[in-house]
Amino acid sequence: MPEPLIAAEKVVKRYVLGEEAVTAVDGVTVGFQPGGMTAVIGRSGSGKSTLLHLLGGLDRPTSGRILARGRRLDELSDDELADFRRTTVGFIFQSFQLLPAATAQRNVELPLVLAGVPPAERRARAEKLLDRVGLLARRHHKPSQLSGGEQQRVAIARALANEPPLLLCDEPTGNLDSRTAGDLIGLLRDLASDGRTVILVTHDRALAESSCSRRIELSDGRVVSDTEAVS
Amino acid sequence: MALSNLARRPGRTILTMVGVFVGTGALVLMISLGVGLERGFRSLLAGEGGLRRMMVTKPMPTSGQKPRPRPMLFSGPGIPGALMTAKDAEELRAIEGVEFASPDLVIRATAEFSGLEGELATDVILGGVAPEEEAEFRDALKDGALWNSPDDRACIIGSRFVEGRFKDLAGASLVGRTVTFSNRFWTDEDEKPPAEVRSFRVAGVFISERIGLRGLAVYFPWKVGESFRASMKGGEPTGFLTSRPGYYMSCSVRAKTIEDVDRVKSKLTTMGYEALTQKEMLSVLDTLFLFIEGFLACIGAIGLIVSLFGIANTMAMAVIERTREIGILKALGARGRDIRRVFLIEAAGIGAAGGLIGLAGGILAGVLMNAAAHWRFDLPGGLRLFYVSVPLAAGAVGFAVLVSAIAGFFPARRASRLDPVGALRYE
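Respectively, the protein sequence lines represent chains A and B.
Start counting the first sequence at 1; every next residue gets the next number (the working numbering).
Start counting the second sequence at 232; every next residue gets the next number (the working numbering).
Where hints are given, some of them may not hold.
[To be verified] Pulled a few chain B residues facing chain A out of the computed Cβ check, cut under 7 angstroms: (1) R239; (2) L563; (3) G564; (4) G567; (5) V652.
[What the hints assert, rightly or not] What follows is a list of derived Cβ distance ranges for each label pair: (6) R239/B / N175/A: 19 to 27 angstroms; (7) K128/A / I530/B: 52 to 60 angstroms; (8) S514/B / A115/A: 51 to 59 angstroms; (9) A229/A / R243/B: 49 to 57 angstroms; (10) V249/B / S219/A: 51 to 59 angstroms.
[To be verified] Pulled from the structure, derived: some chain B residues nowhere near chain A, Cβ distances all over 10 angstroms: (11) V329; (12) A385; (13) W453; (14) T488; (15) I530; (16) A532; (17) I588; (18) L595; (19) A604; (20) G629.
Simulated from the structure, these hints should not be mistaken for laboratory data.
Even for Gly, the Cβ is constructed at its ideal location relative to N, Cα and C.
If we strip away everything but chain A, and leave its shape as in the complex, we get:
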């Protein structure tokens, strides 16, 4: 079996909330091969978003290891972790997380600015990405002037800016109507079929079953099932 693009080994994540210690992820071991779309499902508080943050290098595990192509993320410095996020991961959030004061184009250019891409090149790349998600005509609009679906497509274009091999989507359809959500899932499937690894966190079991070949279910921070549909 080839080396996973990203993997968690006996990962535990504990928080301290007030005086209470909460174990969000409790000894999870999962691996994700390059390509394909995986759903991480579970009820609210099951630890799926925390697992996504750990896999994306946004957070560090309390114990256990996160391995990206065999490299231990939990041993990286903050700056190295930032480099990992910039080059390897594209995040898509439920609440879009766009910069409100920036236009769609500027939002898409942001990862390229951080990567030090020259202005002319990043402008061209941002326009190409916005064209791909069907928003080239609205590139000068600010998030407040876009619908929820459009904002999420801008977020997808932004996530793809540095051409990361891993897309981490945290309830990306949570704020969208069913038709827009369907379009968005179609877009993510296209990206997965292009060879990207898409990990989709959702509490919507039906959505997971209809769109993802692999489904990992979490409950109380533990993996309770990991199934792969046979195509």
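Since chain A is already given, all that's left is putting chain B on it; use the hints.
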């Protein structure tokens, strides 16, 4: 990104900038006052050949002559001092590196211009120009000429002589006028010997600044001055200046080159004379003005430092308001230093804009205050009390930027250290 962030909260940015503006303006104004005063004094001291000049006096012998206090203008080492003679001047002239040496012919008198009778200027200093010095004065002439002969009853006057003394003559040509000098220092009620009065033709006007400290005086041909001084014997009320023929308070020595100054001075010391060079006076002034400018800069800098707290508060607020954006940037791969840079540039941007406006304000206030000072106090024409040099302007704006960046440092550091997940969830 940083600058567009500033534009998002224009009201707050402008209010923060006002603090920097006021601080920089005060800083510029205070330091420019120190610089202006220093330049004024320096231009007075360092006239044409001024730095090669020194005033030589003879220390008082251990016993014998009665101590004589000297007037302020000519105070220096060797107070009280012994009188000097033409023989001393000859001895000084023989020193290697000395271009010229001459006794200082100093007369204190009251002046009156023809046509402006009744308008007197007391405590005018008159001097004699030795033949060796004539070239220096001729070069400094701005109007008219030197005297026709060593016996000519003519004088030359410094361009700033009339300023503050004869207001009606300000701007008017003095050449050809008659000026009368007397030793009449007392009121009519006092019982004193009759005053000695002599009239002279004004032959020329020289640029005061070119002659240095002595540029405020009036000069005669040496011989004429000597005879005038002798005639005033007995008329002096204070005894500050000697009028004994052949005796002088001090001698002027001019070295051939600037490099000769120190050598000549040390030779003079070994010969038993005391010498104060204008170079030394300048270095004393340098130290004095360093303190003055430092003090004024401290006062000015207080405003700017107070504005530091305003900037720090604004940046701290910005970090709180934009916590979620910081989380987004981190999720996109921004490193701590990228975040820090954004906030530092914003703080420095406030400093740069406030500093530039403050600089403009400081310059404008200086111009207005210069005009007011000239209008109120009758200052010499070229003197600027407030002088903003290029290094001062650049330094003030640079300091404003630096102070602002320092103010923004801790909020920026806090922003760079935010936990990305917590920041993304921040409401």
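Output the numbers, in ascending order, of every earlier hint that fails for this structure. none
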